[in-house]
Amino acid sequence: MGFLTNDLDFMEKKIKIKLTTGLLVFAFALGSPAVAATGTSHQTKERSSATVTVAGCIHNGTTMDVFLLTAKHGKGSDVSSKTVDISKHVGHTVSLTGTPVTTASTDGSAASATTRLDVSDLKMVSESCSQ
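In our numbering, each number is its position in the sequence shown, counted from 1, plus 1.
Bear in mind the hints are in silico, worked out from the structure with no lab data behind them.
Note that the Cβ used here is the ideal one computed from N, Cα and C, for glycine as well.
Honestly, I wouldn't trust all of these hints.
[As the list claims (entries may be wrong)] Mimicking EDC-like on lysine to aspartate or glutamate, the simulated pairs with C-alpha atoms at most 20 Å apart in a straight line are:
id: 1; residue 1: Lys-83; residue 2: Asp-66
id: 2; residue 1: Lys-89; residue 2: Asp-66
id: 3; residue 1: Lys-124; residue 2: Asp-79
id: 4; residue 1: Lys-89; residue 2: Asp-79
id: 5; residue 1: Lys-124; residue 2: Asp-66
id: 6; residue 1: Lys-14; residue 2: Asp-66
id: 7; residue 1: Lys-73; residue 2: Glu-13
id: 8; residue 1: Lys-73; residue 2: Glu-128
id: 9; residue 1: Lys-89; residue 2: Asp-119
id: 10; residue 1: Lys-89; residue 2: Glu-128
id: 11; residue 1: Lys-83; residue 2: Asp-119
id: 12; residue 1: Lys-76; residue 2: Asp-119
id: 13; residue 1: Lys-89; residue 2: Asp-122
[Said to hold, decoys possible] The following label-pair restraints were derived from C-beta to C-beta distances:
id: 14; residue 1: Lys-83; residue 2: Ile-18; range: 14 to 22 Å
id: 15; residue 1: Thr-52; residue 2: Ile-18; range: 53 to 61 Å
id: 16; residue 1: Asn-61; residue 2: Ala-114; range: 21 to 29 Å
id: 17; residue 1: Asp-122; residue 2: His-74; range: 54 to 62 Å
All chains, please: the whole structure from these sequences, using the hints.
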């Protein structure tokens, strides 16, 4: 009888190991697509490490926290800041220093990617725009 009991205990342990291994494989398989999907479902932001300085006229932008900087050659760039109050300088010529941030859309296409300048420093050049 002891021999039969040892066989049943061994088989029970073997079944538990197979069941546990199967559940772990199943859980991993379910988790992998979820992890992959989270990388593409949100907008991704790439911050350049290079700091740039640009000058131009500040205009109101499309939202309250994004402004338009129009350079002398007429090209406009979106600018924003969490540390500098750009709104005080609408209608002024300024020199802005900051880091370019590229935001890709959820579809990942390059055509719908936008770049704005995250401003870290603002210097007023003139209280009016010469344009």
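Hints, one by one, checked against the model:
Of the supplied pair hints, the one linking Lys-83 and Asp-66 holds, its CA atoms being roughly 9 Å apart against a limit of 20 Å. Distance restraint check for Lys-89 and Asp-66: the Cα-Cα separation of roughly 12 Å lies within the 20 Å cut-off, and the hinted pair is therefore satisfied. A distance of roughly 17 Å separates the Cα atoms of Lys-124 and Asp-79; the hinted pair therefore holds under the 20 Å criterion. A threshold of 20 Å between alpha carbons decides the hint, and for Lys-89 with Asp-79 the separation of about 16 Å falls inside it, so the pair holds.
Straight-line distance between C-alpha atoms of Lys-124 and Asp-66 comes to about 18 Å, which keeps the hinted pair within the 20 Å bound. A hinted pair counts as satisfied when its Cα atoms are at most 20 Å apart, and Lys-14 with Asp-66 does not qualify at roughly 63 Å. Distance check on the hinted pair: Lys-73 and Glu-13 sit about 80 Å apart at the alpha-carbon level, beyond 20 Å; violated. Note on Lys-73 and Glu-128: the hinted pairing holds, with a Cα-Cα distance of about 15 Å set against a maximum of 20 Å.
For the suggested pair Lys-89 and Asp-119, the alpha carbons sit about 17 Å apart, so the restraint of at most 20 Å is met. About 11 Å separates the Cα atoms of Lys-89 and Glu-128, which keeps this hinted pair within 20 Å; it holds. The suggested pairing of Lys-83 with Asp-119 holds, with an alpha-carbon distance near 8 Å, which does not exceed 20 Å. Restraint check for Lys-76 and Asp-119: the C-alpha separation of about 17 Å stays at or below 20 Å, so the hint holds.
The suggested pairing of Lys-89 with Asp-122 holds, with an alpha-carbon distance near 14 Å, which does not exceed 20 Å. Judged by the Cβ atoms, the range 14 to 22 Å given for Lys-83 and Ile-18 is violated: they are separated by roughly 54 Å. Between Thr-52 and Ile-18, the C-beta spacing of about 57 Å keeps the proposed range 53 to 61 Å intact. Distance hint check for Asn-61 and Ala-114: the Cβ-Cβ separation is about 23 Å, which falls inside the suggested range of 21 to 29 Å.
Under the hint 54 to 62 Å, the C-beta atoms of Asp-122 and His-74, about 22 Å apart, miss the expected range.
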